[in-house]
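Engineer: Read left to right, the sequence shown gives residues 2 to 612 (our numbering).
Don't take each hint at face value.
Ranges of calculated distance between the beta carbons of each label pair, as one might list FRET restraints [stated by the list, open to error]:
{"id": "1", "residue 1": "G284", "residue 2": "G366", "range": "50 to 60 Å"}
{"id": "2", "residue 1": "M182", "residue 2": "N231", "range": "16 to 26 Å"}
{"id": "3", "residue 1": "V186", "residue 2": "K528", "range": "48 to 58 Å"}
{"id": "4", "residue 1": "S316", "residue 2": "A286", "range": "16 to 26 Å"}
Lysine-lysine pairs mimicking DSS-like chemistry, simulated, CA-CA at most 25 Å apart [to be verified]:
{"id": "5", "residue 1": "K418", "residue 2": "K434"}
{"id": "6", "residue 1": "K416", "residue 2": "K389"}
{"id": "7", "residue 1": "K183", "residue 2": "K341"}
{"id": "8", "residue 1": "K463", "residue 2": "K433"}
{"id": "9", "residue 1": "K418", "residue 2": "K474"}
{"id": "10", "residue 1": "K96", "residue 2": "K109"}
{"id": "11", "residue 1": "K505", "residue 2": "K463"}
{"id": "12", "residue 1": "K433", "residue 2": "K418"}
{"id": "13", "residue 1": "K369", "residue 2": "K75"}
{"id": "14", "residue 1": "K341", "residue 2": "K369"}
{"id": "15", "residue 1": "K213", "residue 2": "K109"}
{"id": "16", "residue 1": "K463", "residue 2": "K434"}
{"id": "17", "residue 1": "K589", "residue 2": "K474"}
{"id": "18", "residue 1": "K474", "residue 2": "K434"}
{"id": "19", "residue 1": "K416", "residue 2": "K434"}
I should point out that these hints are in silico values taken from the structure, not numbers from a laboratory.
All of these numbers come straight from a predicted model, not from anything done at the bench.
Just so it is clear, CB atoms sit at the ideal spot from N, CA and C, and this is done for glycine as well.
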Amino acid sequence: MALGYLPLRAGGPFCTQILADYGADVIKIEQRSIGVGDAILKREWASTYRLVEQDDTRSWRTDGEHELWKAGNKELSAYFSTINRNKRSVTLDLKSGRGQQVLLELVKRADVVIDNFIPGKLDELNIGYDRLRQVNPTVIHASISGYGQTGPYAKRAGYDVIAAAEGGLLHITGEPSGRPMKPGVGLTDMCTGLYTHGAILAALHSRNVTGKGQQVDTSLFETQVSLLANVAMSWLNCGQEARRWGTAHPSIVPYDCFRTSDSWFVVGAVNDRQFRKLCALLGRAELGDDERFLDNDGRVRNRGKLNKILDELFSERSTDEWMAVFEGSGMPYGPINTMKKVFEHPQTMARGMVETVGDESAVSGEVKVLGSTGFVATELIRQAISHKRVTSVVALGRRETPVPANVADGADASKLKSVVCNDFENYSDDVKKELSGADGCIWTIGVTPSKLKEMSFEQATKVSREYAVNCIKTMSGQLRGAASTPLRFIYMSGSGAVRDPAEKPWILGDFCVMRGDAESRIIEYGKRSDGSVESGVAKPGLIDAPGKMGMVKQFVVGIGRAFIGLPLIDVRVISAALLDQAVNGLEKDTLLNEDLIRIGQRALDSGKAQG
2 MALGYLPLRA GGPFCTQILA DYGADVIKIE QRSIGVGDAI LKREWASTYR LVEQDDTRSW
62 RTDGEHELWK AGNKELSAYF STINRNKRSV TLDLKSGRGQ QVLLELVKRA DVVIDNFIPG
122 KLDELNIGYD RLRQVNPTVI HASISGYGQT GPYAKRAGYD VIAAAEGGLL HITGEPSGRP
182 MKPGVGLTDM CTGLYTHGAI LAALHSRNVT GKGQQVDTSL FETQVSLLAN VAMSWLNCGQ
242 EARRWGTAHP SIVPYDCFRT SDSWFVVGAV NDRQFRKLCA LLGRAELGDD ERFLDNDGRV
302 RNRGKLNKIL DELFSERSTD EWMAVFEGSG MPYGPINTMK KVFEHPQTMA RGMVETVGDE
362 SAVSGEVKVL GSTGFVATEL IRQAISHKRV TSVVALGRRE TPVPANVADG ADASKLKSVV
422 CNDFENYSDD VKKELSGADG CIWTIGVTPS KLKEMSFEQA TKVSREYAVN CIKTMSGQLR
482 GAASTPLRFI YMSGSGAVRD PAEKPWILGD FCVMRGDAES RIIEYGKRSD GSVESGVAKP
542 GLIDAPGKMG MVKQFVVGIG RAFIGLPLID VRVISAALLD QAVNGLEKDT LLNEDLIRIG
602 QRALDSGKAQ G
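Using the sequences plus the hints, can you model the full thing?
Structural biologist: Next comes the structure, spelled out in structure tokens:
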């Protein structure tokens, strides 16, 4: 579990959001003004309490954004939602004894505590690192500040644009003859979050080896100075003062954007071979043999002359025409895209970078978010439509289910039928008709701990337990013709669910017991069916999706067990295991993470998952 204190603006929330995406249970502690400071002790479903005057970013809305949210809602903004998904929230008065008592109770069970206070503030409140490690000697305490815990500027407040200014980024960003420019997003904030999340993972790995916690100190200023990279090296070693280059590169030519007949085109040639290829694509192969441009040193010296030639050549065609010329050439190139084009980009869609999630605060009842949700169901469909023994796949959901991207060769997309269901408590006759004749069901609908803040306990129970129980009852009551096998129903739960209320954990206790009760009901239904229904439960740990988060995700896989105490499983492996059991029959009624890994890996190795 990770705890995040206010005032977390962007670096801290971005850091904790990454950890939450990895599977950590992140509790965001926000400032309390009135009311609900000790809500988390009164009722563990603190996320259902109304939050009062907390994180400032909840109200950071662009002009016109109010149309997205329901009237009267002042708790959410697109900005806040960008960096706070998958978290729970509670408000505390950290100046009060009661608020500090609640905090320390949480710290006892936390792996990581993250704060964004001015250095020394937590010590003044007697809740600094020394106090935290008294109650939890192995805790990792990560602090994000403007300038770091030491030095003459340590006590200064800092924001992204201030660090970008003092750290040199604004000095080197913008057109050569123009004013300093800020990047379009909070780059310094975000990079500080990335640095901090990496430092936390390293600290957790160290704790796994040594058994000791530690303090992590990161700052916006240090992050920004470190990001000066080659510009800093040129100053430190050559005394070369930096300047603004626009989109050009100080030491590589050409590496820039060029105006076409209708917009812009970006291209980079970082060596002589690429430059000659670029000249050939532009229809001016002789430029590659021009003595002025033979090597990069010459091209840098004659930057102005070369760019004038390139500007004239690129202006002769449209961006789309140049895209067609460069396609398949092996040259790095691309257009400058608007937001519309970014999110219509085939690679954006192929990588599943946008998802639609329910949100009762929005006028439409849903919002689109960056990231990925529901990836187990997506991978299940991807494998199922390639499986020779699967003749059809019915995807039941509240919205249309598309054919997954990057399906295997030989996949039959016609097997997939998307069925929109608006009422999971009372199926319509049309939905029942689609479910009739099914030989199996893999139930992946449920509420994850990170989604609890979006609904009440009663709603979470309905989605995670009642919907599943209703489905198995409905499906078992449909005609299946001359079926030779029982209906196989697999309920995907989680490793933290407990069937014995006496084993209720302190954190998320009611939720874990509720999920355990759902497991018991599903299994018991199968036992009472006289052999017509074979039911079971899958209890995976942290589900890893390779390729979704790049190389850094592979690192967290290596230390995930130490980080959040959960076993790990690859999304492809769990999907193969669930599909194998639905097709071939259940080995037992409860499949633990190690069972799923064994079955899924066996299926993948033998090729059964792909048919």
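Engineer: Which numbered hints turn out to be false for this structure?
Structural biologist: Result: no hint breaks.
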